[in-house]
Structure formats: C-alpha cells, structure tokens
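Chain by chain, the residues:
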Amino acid sequence: MNLPEDLTGLDPADGVPDPPPHVLGVVVRAGRTRRRRRRMLAVTPVVCAAVAAVAIAASSAGGGRNGGVSRLEVASPTISATPPPTQATRPSPTATATATGGGTGLGLQVSSVTFVSADEGWVIGTYEGRTGVERTTDGGAHWTLLAASPPGLEAAPQGIQPPLIGGIRFADGLHGYAFSTSALDVTDDGGRTWKQVAIPNEDRDGSGATDVEAAGGRVWLLNAAIPYPSIYTAPVGSTRFTRIGRAGNRLAFLATRGPEAYVVGTQGAGPVLPNLEVATTSGVSPRTSPCAGGPGANRPGSPGDITGLVTTPLAGVLDAMCSTGPYVPMPSNTVELSADDGESWTVLQTTSNCSAVSFATTSSRAFLACADGGIEALPGRGSGDVQLASVKITYVGFTNDQDGVALSDPTGKGGALYLTRDGGTHWTKAAT
Amino acid sequence: MTVHTDDRDRFEAVFPELYRSAYRIAYRLLGNDSDAQEIAAETLTRVYVRWPRVAGHVGPWAATVATNLVFDCARRATRARDRLPAVASKEPRSDPDSELRLDVRAMLSALPTRQRQVLVLRYLLDMSEEQVAAALDISVGSVKTHLSRGRDRARSIMEEPT
Chain S
247 MNLPEDLTGL DPADGVPDPP PHVLGVVVRA GRTRRRRRRM LAVTPVVCAA VAAVAIAASS
307 AGGGRNGGVS RLEVASPTIS ATPPPTQATR PSPTATATAT GGGTGLGLQV SSVTFVSADE
367 GWVIGTYEGR TGVERTTDGG AHWTLLAASP PGLEAAPQGI QPPLIGGIRF ADGLHGYAFS
427 TSALDVTDDG GRTWKQVAIP NEDRDGSGAT DVEAAGGRVW LLNAAIPYPS IYTAPVGSTR
487 FTRIGRAGNR LAFLATRGPE AYVVGTQGAG PVLPNLEVAT TSGVSPRTSP CAGGPGANRP
547 GSPGDITGLV TTPLAGVLDA MCSTGPYVPM PSNTVELSAD DGESWTVLQT TSNCSAVSFA
607 TTSSRAFLAC ADGGIEALPG RGSGDVQLAS VKITYVGFTN DQDGVALSDP TGKGGALYLT
667 RDGGTHWTKA AT
Chain L
84 MTVHTDDRDR FEAVFPELYR SAYRIAYRLL GNDSDAQEIA AETLTRVYVR WPRVAGHVGP
144 WAATVATNLV FDCARRATRA RDRLPAVASK EPRSDPDSEL RLDVRAMLSA LPTRQRQVLV
204 LRYLLDMSEE QVAAALDISV GSVKTHLSRG RDRARSIMEE PT
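Heads up: the protein sequence lines correspond to chains S and L, in order.
Under this note's numbering, the residue at position 131 of the first sequence is numbered 377, and the numbers go up by one with no gaps.
Under this note's numbering, the residue at position 103 of the second sequence is numbered 186, and the numbers go up by one with no gaps.
If you are wondering where the hints come from, they were derived from the structure by calculation, not from laboratory data.
So these bits of chain L aren't anywhere near chain S, every CB distance computed over 12 Å: (1) Gly139; (2) Trp144; (3) Pro195; (4) Thr196; (5) Arg197; (6) Gln214; (7) Ala216; (8) Ala218; (9) Asp220; (10) Ile221; (11) Ser222; (12) Val223; (13) Gly224; (14) Thr228.
To be clear about the criterion: a stretch of chain L counts as covered by chain S if any three or more of its residues have a C-beta under 8 Å from a C-beta of chain S, and this derived list gives those stretches: (15) 97 to 111; (16) 199 to 209.
Over the 10 Å line for every Cβ pair with chain L, so calculated as not near, a few chain S residues: (17) Thr383; (18) Ala387; (19) Glu448; (20) Gly620.
If you're wondering where the values come from, they're calculated on a predicted model, not measured in any experiment.
Every residue gets a Cβ at the ideal spot worked out from N, C-alpha and C, and that includes glycine.
So that you can see chain S by itself, here it is in the shape it has in the complex (with noise of 0.2 Å):
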C-alpha cells in the first residue's frame, strides 16, 4: 500500500477547530505546575500537634469583604508545606557552608521548601549555576547548605533551573526526597547525601514524578502518564514503590493525612469537572469533589477549579479552596470545607478579589495566593489583611497557627522565601 497524497479526507467533516478559548489558560496552568512544581496545596502532618474541634459558623452575615456566602471560623486545623520520601545511597557532591547573618549569603532562589516542624525546614533551588539543598532548625532564622548538585536535579548550563526541580519533601528529620519529572533523589540523613533512584514507572507508561507527599510513615508519588498519572506509595525509608492505581484526572496533585493520599484532580485535558478520590494501600475511592459549581454546573457560588486541598488534624475534615483561574473576566474563589471527609461540601467563604494559585488555613483563617501578587487573609477586614501585595506569591502554607512559609515567583530574580510566626499579619523574607 502507498501512502495516500492526500489524507484531508481525514480531517473532521466540520474543518480543523479553533481550540476552545479555556484551553490556553488550562495549557498555560499546567505547564507552569509542571516546570516549577510550586506546591499548590498544604499538608498537614507530622508537626500538627494541636487538635482542636473545628467549628463552622456559616453566618450568613456577610462575612467576607466581598458579601460572602458565609463565614470562616475553623478551631483548629494545621497545615505544612511537608512532604516525602526515601533513602540514599551514591552521595551527591556535598558542600558545606554554615549560614551566617541568618543566611548561607549564596541567595539561594528557592523552588520548594519543606518544613516537618515549626523549626526544621528544608529548601530547594538553584545558585551560581547550581543547585543546593539548605536546611534550618530554627524556623527559617539560619540555614545552612547541605548538599549541593542532588544527582539528576543538577542547574542546567547558565544556571537556568526550569524543569529540573520539582520539589523537596521530607517525613522527618531523616528522610527526604527531591524529585522532578525526570529524577527522582532521596536522603536517609537528613539532606547531607542523596541517591537518584528510579522514578517508579509500572506501566512504562509515565514521564515523571510529578508530586510527591510524605505523612503517617508512607511517601506518595504520582507519574503522570497517559491518559491519567499512576499513583504509588512506598514505606518511608524504602525505594519499594508499590502502585496503587491510575488516577482519575490528567492533571492531579496530591494531600496526605495519616495513611492516606488525597489526590485531587483539576481541570483540563481529561474529565471537565475537577474530582477528589482518597488512595490508601488497599486501592483508590473517589469522593465527592469540591468546586463543582463551575461554569454551567448547578451549584452557584463554587467556581471552578481545585487550587489547593488542606487536611486538618481532626478526622475527617478537609478544607478546598476553588478558583476559576485569572482567564475569566471576573475572577472569583470560594473556600469549601467537607467535615465527612469529602462526601460533602459546604461553601464558607467567596472572594473575587484575587486569582488564587496557593492555599492554606490556619484555626481562624484562610489564605490565598493571588496571581496578581499578595497573599490575602479570609475572612477579610479591610485592605490590611492583604499582605505583600507587591510580590508574586506561587506557594503558602502552615505548620501551625502561628508559623507560615511563602515562596515567591521562582521565575527570573525570584524565589524568595517569606515567613511569618505572627499568624500570617507580618511575612519577613528569609536569608537563604
């Protein structure tokens, strides 16, 4: 058989289409989740020590600066920028330089941090061409290099360190894992030494780790394939991933609490409504999904997508925030909280204040990272409760009421770490 000159015949019978006008935007979301692999979603974990009863006042009067839905008043959840996994064995170059000043003075442009408690943290990203693990005990007043160069997450030439690292994630203070889509490291010391182990990759199908989660002894890891990334688990402290099942949107992010994995899909290629399922060893169940509200859903006043997922100590309770990204004309969020572990939703507070790419809640409030730049405080009292409005925040979060962490645009200059041990009134750049 010859091939055919001419295969228009092929082609649809209504022409070639125009992509449909969300589609840029959702490209656009994915491949920046993608190259920087910012962490759109807070954990809890490890550090959560105070459990409290969560109380939900839905008064309906007018909580939110922008006439909200409802009120936030959650008692207690916690939240952390954790995360994961595994051991070591080839040491990476290793290089040390004790901070000094507060810092290690290299300007380290952060991509990921990671905090297993309010005073030991890890950060990832790039300097002088490299790239560098720092570590603090101290809630993020000192760091200190500890690696330099993680094997398979090295800085491109000139420096340039896009698609190279997609985060770092601890479980404790041994156990931790680098990874991006193409490499997969992990340190049993603490950061010191890593070991690029495979990405596990069951049905030869994937192209990379794209999350990684690590809480109650297990690391969580989802490979994004096609159609839908394949999600694994491991103990902490092995490499034996063990797959669990697909998940079941394209584009998934992961929340861990105890022996569970909560993988949230947003939207995109693949189903048009985000979906929520919990993944434990025994396989996947779906849940009812936040944000359900969107364009042409029948639940007004639950916009969108799912931007981020908070587990909270108590059992069962979850906080979503939903947002309809900044390619609306209007955009809006709402924070959504399910107190039967995700069999049903209720919406607390609306916003439109901003276009949300980041969230977390401590007992009293919710946070939002807005594109535009700033992080805003809900429940609203004024333009005060917006906080450095001038810089372009991609991630926020919390290890407990008190102590948060920021992360500023990773692109160009930045990558600067803010924290806060106020609650999140005040945010002081951190000397990484």
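Here the structure of chain S is known, so what remains is to put chain L in place on it, guided by the hints.
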C-alpha cells in the same frame, strides 16, 4: 529556561496555530475528536514547559510530540483491547476511514525519526516540500530524499508478509 513575559506573548501568538496542527495530526491518525483535543492540549503543554528550548523550531517539535502521543495513545488502546474477551475485541467500524488511519499510523510508526518527521509535516500538516525544508532547516533535496525513502520503506513494511 523560564517563560518570561515576551516568551509568554510569543507562545500565545503561536498557540492557536500549533493547537490546530496538533489536533489535525491526532485527528487524522485517530479519527476521534476527544482524543485529538486531549493530545493537542498535552502537546501545547509540553511546548510551554520547554518553550525556551524549542521556540526556534516549535512547529516541527510540536508535530513530533503530537505524533508520538498518538502512537502512545494507540498502543494503550491496543493493549486495553487485547485484554477484552474476543467477542469484544473487534474495533468498531463506525469510522469508514479507520483502516486508512490504522495503515498510516503503522507506516509512520515504523519509520526512522527524521523520515517520520518529514512525512508528518508533508502529509499530515499538508506542508509543501519547500515549507518542510524551511521548518526543518534542511534543503528541499533532503526533503525529497526523506520523502522518497520514507514512502519506499513504508511500502515495503506494509507489504511484508505477517
């Protein structure tokens, strides 16, 4: 390798045409609107992620990505179908061109990368030989050579006894 404002503008400028190209490739090879949309979106996402590296030759690069995604998609569909009971394993024939699509896919998948790239641009994107040469930064003569060898090879592959 970050996408700066200028790059973002450039990406947005070429986005519609790249999307249509990726969609056209996927649809011609698969005949399914939903799959074509997904592959087009995935292709453009990969373009965005690697923009600084591929901006200079984004058309051919995106075409290659879209074609590879089609192959992946078809492979998975085949594997899934193989797991079904025999009674359900016949491909639906609602698409009258399905056999032609299958043949074209088989031909292209058996070709070396460069030949496949040239044939995809020429036959799936309807580019002239001159346009293919410009897109790949090679001579028109090279394009003709790749086309000729690609067609010959494809033909011989299809005529091999199975």
